[in-house]
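Once you have looked at the hints, place chain B on chain A.
Each protein sequence line maps, in turn, to chains A and B. To convert, note that position 69 of the first sequence is 69 in my numbering; the numbers rise steadily by one, no gaps. To convert, note that position 47 of the second sequence is 47 in my numbering; the numbers rise steadily by one, no gaps.
Read the hints as simulated data drawn from the structure, not as lab findings. Each hint should be verified, as a subset may be incorrect.
Claimed, not checked - Distance condition first, Cα-Cα at most 20 Å in a straight line; then the derived SDA-like pairs of lysine to any residue:
1) Lys-177/A with Glu-295/B
2) Lys-88/B with Ala-145/B
3) Lys-177/A with Phe-255/B
Stated by the list, open to error - Which bits of chain B does chain A cover? Going by a derived footprint, with three or more residues having C-beta under 8 Å, they are:
4) 249 to 260
5) 268 to 278
6) 288 to 300
Glycine included, C-beta positions come from ideal geometry on N, C-alpha and C.
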Amino acid sequence: MKMDAPDAVLFDLAQTPVRELNQFLHGDLAGVKRVVVGNPDGAHSIAVGVDAAVEVLIDGHAGYYAAGMNKHAAVTIAGNAGPGVAENMMSGTVRVKGFASVSAGASANGGLLVIEGDAGLRCGISLKGADIVVGGDVGAFSAFMAQAGRIVVCGNAAENLGDSLYEAVLYVKGEVKSLGADARFEPMTEGDFSAVAELLAAAGLKHDARTFKRIASAKQLYHWNADANQEY
Amino acid sequence: MCGIVGLLVKKPALRLRLGELMLPMLIGMTERGPDSAGMAVFTEPVADGLHKLSLFSGEGAAGAKYDWAALEAKLRANCDPAARLFVKANHAVLGIARPVAEVKAWLKANASVIQVLSSGTSIDLYKDVGLPADIARRYDFGALAGTHLVGHTRMATESAVTVENAHPYTAGLDWCLVHNGSLSNPHQLRRQLEPLGIEFDGDCDTEAACRYLEWRMREGDDLEAALHKGFEAFDGFFTFLMGTRDKLALVRDPFACKPAIVAETDDYVAIASEFRSLAHLPDVKHAQLFEPKPEHIYSWSI
Numbered sequence: 001m002k003m004d005a006p007d008a009v010l011f012d013l014a015q016t017p018v019r020e021l022n023q024f025l026h027g028d029l030a031g032v033k034r035v036v037v038g039n040p041d042g043a044h045s046i047a048v049g050v051d052a053a054v055e056v057l058i059d060g061h062a063g064y065y066a067a068g069m070n071k072h073a074a075v076t077i078a079g080n081a082g083p084g085v086a087e088n089m090m091s092g093t094v095r096v097k098g099f100a101s102v103s104a105g106a107s108a109n110g111g112l113l114v115i116e117g118d119a120g121l122r123c124g125i126s127l128k129g130a131d132i133v134v135g136g137d138v139g140a141f142s143a144f145m146a147q148a149g150r151i152v153v154c155g156n157a158a159e160n161l162g163d164s165l166y167e168a169v170l171y172v173k174g175e176v177k178s179l180g181a182d183a184r185f186e187p188m189t190e191g192d193f194s195a196v197a198e199l200l201a202a203a204g205l206k207h208d209a210r211t212f213k214r215i216a217s218a219k220q221l222y223h224w225n226a227d228a229n230q231e232y
Numbered sequence: 001m002c003g004i005v006g007l008l009v010k011k012p013a014l015r016l017r018l019g020e021l022m023l024p025m026l027i028g029m030t031e032r033g034p035d036s037a038g039m040a041v042f043t044e045p046v047a048d049g050l051h052k053l054s055l056f057s058g059e060g061a062a063g064a065k066y067d068w069a070a071l072e073a074k075l076r077a078n079c080d081p082a083a084r085l086f087v088k089a090n091h092a093v094l095g096i097a098r099p100v101a102e103v104k105a106w107l108k109a110n111a112s113v114i115q116v117l118s119s120g121t122s123i124d125l126y127k128d129v130g131l132p133a134d135i136a137r138r139y140d141f142g143a144l145a146g147t148h149l150v151g152h153t154r155m156a157t158e159s160a161v162t163v164e165n166a167h168p169y170t171a172g173l174d175w176c177l178v179h180n181g182s183l184s185n186p187h188q189l190r191r192q193l194e195p196l197g198i199e200f201d202g203d204c205d206t207e208a209a210c211r212y213l214e215w216r217m218r219e220g221d222d223l224e225a226a227l228h229k230g231f232e233a234f235d236g237f238f239t240f241l242m243g244t245r246d247k248l249a250l251v252r253d254p255f256a257c258k259p260a261i262v263a264e265t266d267d268y269v270a271i272a273s274e275f276r277s278l279a280h281l282p283d284v285k286h287a288q289l290f291e292p293k294p295e296h297i298y299s300w301s302i
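Excised from the complex, chain A in its bound form (with noise of 0.2 Å):
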């Protein structure tokens, strides 16, 4: 570790370990405004559990876990993301310049994930409040049982999109392959376009909120029911 400003810090995971890095942003930042992660190289688990507004830039390719369960830091990959990128996020954001691996944002609670590139499978799985927004593409079963918060694609999205779907709304530009059960297209409101509006706003990018689309639970399995026939 080493001060390369007043007020942020540089680690090198070359030369030390994730574990210290990570013990440092667990401690005491009062006075440290930014820190800077250099060669990741993909290692695991790089700024996870922070706990204060913090700036942390991961100047490279991050492995599983990157920035899991963030709250209040403004954490950037500046290279694509290995699985599970923000999982389990409660507040602040994360943002992957490049593409990240599957279940990026899972079970996250609140803040904002922005994905640049695309997104592997089971992105946003069980999400449970939190944002998502993907410039590019979403992989197979995304937002499968996701319960609370909004995900917007800018591109397609592969099979199976927000099977078993809560209460998350899901909102895409490109095509949809196929969606899960109980997920289904609905009329866009105009709450709908101002949201993705002020989602693409805050992840800076530019596509015009009336070409998206909703799709949000039929809520057909919210209860059992007795009478359907038991077909599988």
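Frame of chain A; chain B shown alone:
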């Protein structure tokens, strides 16, 4: 959990550096697979009509003490006068002029301690139990030369930690496969293949997939057609990396639970379970990086 690595060099000048480029890739996958490791390397093919077998003399000190010179002498006297052994600790590559099946049968009858790990015209195969770095040192992986290779680090989940159950798996000639994942119907596949005369060496789920695909190709399917049938036949989770005499191929199951990432430059195609195994390749900063899509067949030719 397991780690996979693959590397194909596109320029002949890089063939001598194949092992050196791969070494940090394999060691980078140690946490994903610390109990055993293996490496299949595809070299320049042997001369027409000749073949080579990769032999293993057993684990640990007992295997290291094996009398390879005596085996070579017996082979020359009783089986194949052209037999030549190139020994590396518990492994040896055996060059032969007699048919592969005949030499394998002779070995089974006369040197039962020896396991035949691979056979073909290009493939050499090494596998052993222990940490990847120790195995790489034991067999001097850094000095391997060739066109492409397929490696694996294993964390056993469904069968014992043995050399038989370590990857890569081979079947037939110049064919190998490594697996990250778990199949739920290997016994069903095995019951389909054994009545056709296909014999199994171990009890790992991966062997069933390896032998299934080799059987399809022997029946006339090309690799792509065999893999399409595999997508129907295999139930479970898999990222498979496969090697043939002139190709690397990569597929993932429809749920793509098991990771893979590809880096491609003008010089090489490198595949690993995670980017941390690719991070030290030359010029990887300018490589085209992507995650393979589920149920999509990727292949690269030498």
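Now the hints, each set against the structure:
1. Lys-177/A with Glu-295/B: Holds - the C-alpha atoms of Glu-295/B and Lys-177/A are around 15 Å apart, at most 20 Å.
2. Lys-88/B with Ala-145/B: holds, 15 Å
3. Lys-177/A with Phe-255/B: holds, 15 Å
4. 249 to 260: holds (count 5)
5. 268 to 278: Coverage by chain A holds for the stretch 268 to 278 of chain B (5 residues, Cβ < 8 Å).
6. 288 to 300: With 5 residues close enough to chain A, the hint holds.
Every hint, counting from the list given before, is met by this structure.
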